[in-house]
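Top line first, the protein sequences correspond to chains A and B. Note that the numbering used here numbers the first sequence so that position 204 is 204, with each residue one more than the last. Note that the numbering used here numbers the second sequence so that position 9 is 9, with each residue one more than the last.
Worth flagging that the hints you see were computed from the coordinates, not collected in a lab. One thing to keep in mind: the hints can contain errors.
[Said to hold, decoys possible] Only pairs whose alpha carbons sit at most 27 Å apart, straight line, appear in this in silico BS3-like list of lysine-lysine:
hint	chain 1	residue 1	chain 2	residue 2
1	A	211	A	196
2	B	145	A	64
3	B	111	A	107
4	B	186	B	145
5	B	146	A	64
6	B	47	A	64
7	A	106	B	186
8	A	54	B	47
9	A	107	B	47
10	B	145	A	126
11	A	42	B	106
12	A	210	A	127
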Amino acid sequence: MDDDDDVILLDLWVSVFGQRVRIALAEKGVHYENREENPQNKTPLLLEMNPVHKKIPVLIHQGKPVCESNIIVQYIDEAWHQSPSLLPSDPYLRAQARLWADFVDKKVYEAGKKIWRTEGGEQVAKKEELIEVLKVLEGQLGEKPYLVGGSFGLADIALIPFSVWFHAFGKMNIERECPKLAAWVNRCMEREAVSKSLPHPHKIYEFDQKKKKNGQ
Amino acid sequence: MKSVHRKMTDEVKLYGFPGSPFGCRVETALKLKGIKYEFIQEDLSNKSADLLKYNPVHKKIPVLVHNGNPIAESVVIIEYIDDIWKEVPILPQDAYEKAQARFWAKFIDDKCIPAIYNSYGNVEAVAEATEPLQFLENELNVKGKKFFGGDNIGLVDICACYMAFWVGAAEEALGIKIMTKEKFPKLKKWCDSYINCQVVKDSLPPRESLVAYYKWRFGKAE
Chain A
1 MDDDDDVILL DLWVSVFGQR VRIALAEKGV HYENREENPQ NKTPLLLEMN
51 PVHKKIPVLI HQGKPVCESN IIVQYIDEAW HQSPSLLPSD PYLRAQARLW
101 ADFVDKKVYE AGKKIWRTEG GEQVAKKEEL IEVLKVLEGQ LGEKPYLVGG
151 SFGLADIALI PFSVWFHAFG KMNIERECPK LAAWVNRCME REAVSKSLPH
201 PHKIYEFDQK KKKNGQ
Chain B
1 MKSVHRKMTD EVKLYGFPGS PFGCRVETAL KLKGIKYEFI QEDLSNKSAD
51 LLKYNPVHKK IPVLVHNGNP IAESVVIIEY IDDIWKEVPI LPQDAYEKAQ
101 ARFWAKFIDD KCIPAIYNSY GNVEAVAEAT EPLQFLENEL NVKGKKFFGG
151 DNIGLVDICA CYMAFWVGAA EEALGIKIMT KEKFPKLKKW CDSYINCQVV
201 KDSLPPRESL VAYYKWRFGK AE
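Only chain A is shown next, with the shape it has when bound in the complex (with noise of 0.2 Å):
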C-alpha cells in the first residue's frame, strides 16, 4: 500500500479543497507525487481522471482516480490504516464528522466566497455572515480539542485551509468573536502535517491581488 509511485494528487497550490488532501496525506505519512495543475491549461490526465468536474483536487491510487476532498479525505483513511485515524470509530461521532464536514463546505465556502468577490462596505456585511458561521463553529467546539471528539480528524481538516484565508484578509477578528476557534487554529498548526500543507497567508494575499488586477 505505501509505494510511492502508486499515489499521485492533481493539485493545485492555493486550493483549500487540495491542502485537506495534503494534510491527510501528510498525517498518515504516505508519500505521493505531487502535481500542480493549472486551471487555464488542464492537462489530459485532469480531464481524464475527473471528467464529471474536471477539477482539482484528484488523487490517483494505483491508477484509479478519487475527486472531491472530503471523500478522499474519507479515502486515505480507509486505504491506509495507519494512525491517525482521520474519522472516529464510534458510528455516532463518524456521523458528526461528515455533517460538519459538509457544513464547512456549505457554508463557510460560501461566505468566504461572498467576501473575496466584494469591496467596502459590502465585504463589511459579508464578513459579518461569515463570523456568524464560525459562531456555530466555534459552539460545536465548546471546550473540546476538536471540532469532534477528542482527535484532529475530517472535521477539522475541512476547516483549517481556510484559516489562512481569514489571515490573509485580517481584521476578521477572529480573536475576538470567536476565540475558542482562534485556539483551535493554533492548535491544529502545531501540527507537523498541518503547517507543512498551508501557504502561508501572505501568499495567498498576494495570489488574490494578483487575480483583481487581472480583474478575476
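Fit chain B to the given chain A structure using the hints.
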C-alpha cells in the same frame, strides 16, 4: 458521550415529511435493513420543538433519532444506518468503490437535483437539467448492471430516487420532458427496476399527491 450502539430494543425515530425525496431515501434504507422505526410527520410551516432541538443548525428534515441521538442529512444518515446495522449493506466494502458511491451521491445532490428543480416552471432551463443526467446514464452504461449498486440497490440508487419518481411526477404535472427514453434509455430502464423494488414502493408517496403538488407549485394558472 452517550453510547448509541445496538441495544436489545433500539429506539429509532424518523422526523420527515411524506413528499420529501430525502426522507424517502432514509425510509428505503431503514426498510431494506428491516429496522423498525417510528415516523414522525413534520409540518414544515410549523416545525416542532423536537425538530429544532435535533437539528438546530439546518432545522430541516429528515432527522433520524437513534436511542435519543440525532443525525441529520440524508446521506450521512444512510451511512450511519449502514455502520450500525450490518445486514444488507448499502455501501460497498471496498474503499475505492465506497469513494465512487459517495462521489455519485454528492453529484446527484450538488448537480442533478438542483438543475432539474431549476427547470420546473422555467422551460429554458430544461436543456441544462439534462446535462448532469448524461453522466448518470454513462455510469449505468459503463457498469452494465441493473443498478448503480450492481445486482442490488446501493447508496447511489437510493439517492437517485428523485430521478426515479419525483421527476416523472413533475413531468406529468407540468407537461415537460426531462428524462426521455431516447436520450436516457439506461436511466429510464433503471427507474423502472428501482421503482419495482418492494422496499422502494413502500417508501414512496402517492403519485397523484405529488403530481397535484407540482401543478399547484409550478403550474400555470388555468
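Here is what the structure says about each hint:
1. A:211 with A:196: Since the Cα atoms of residue 211 of chain A and residue 196 of chain A sit roughly 25 Å apart, the hinted pair holds (cutoff 27 Å).
2. B:145 with A:64: holds, 20 Å
3. B:111 with A:107: Holds, because 17 Å separates the two Cα atoms, which is no more than 27 Å.
4. B:186 with B:145: holds, 10 Å
5. B:146 with A:64: Satisfied, since the Cα-Cα distance of roughly 23 Å is no more than 27 Å.
6. B:47 with A:64: violated, 45 Å
7. A:106 with B:186: violated, 32 Å
8. A:54 with B:47: violated, 40 Å
9. A:107 with B:47: holds, 22 Å
10. B:145 with A:126: The hint is violated at about 47 Å.
11. A:42 with B:106: holds, 23 Å
12. A:210 with A:127: At roughly 21 Å apart (the allowed maximum being 27 Å), residue 127 of chain A and residue 210 of chain A satisfy the hint.
This entry does not satisfy hints 6, 7, 8 and 10, going by the numbered hints stated previously.
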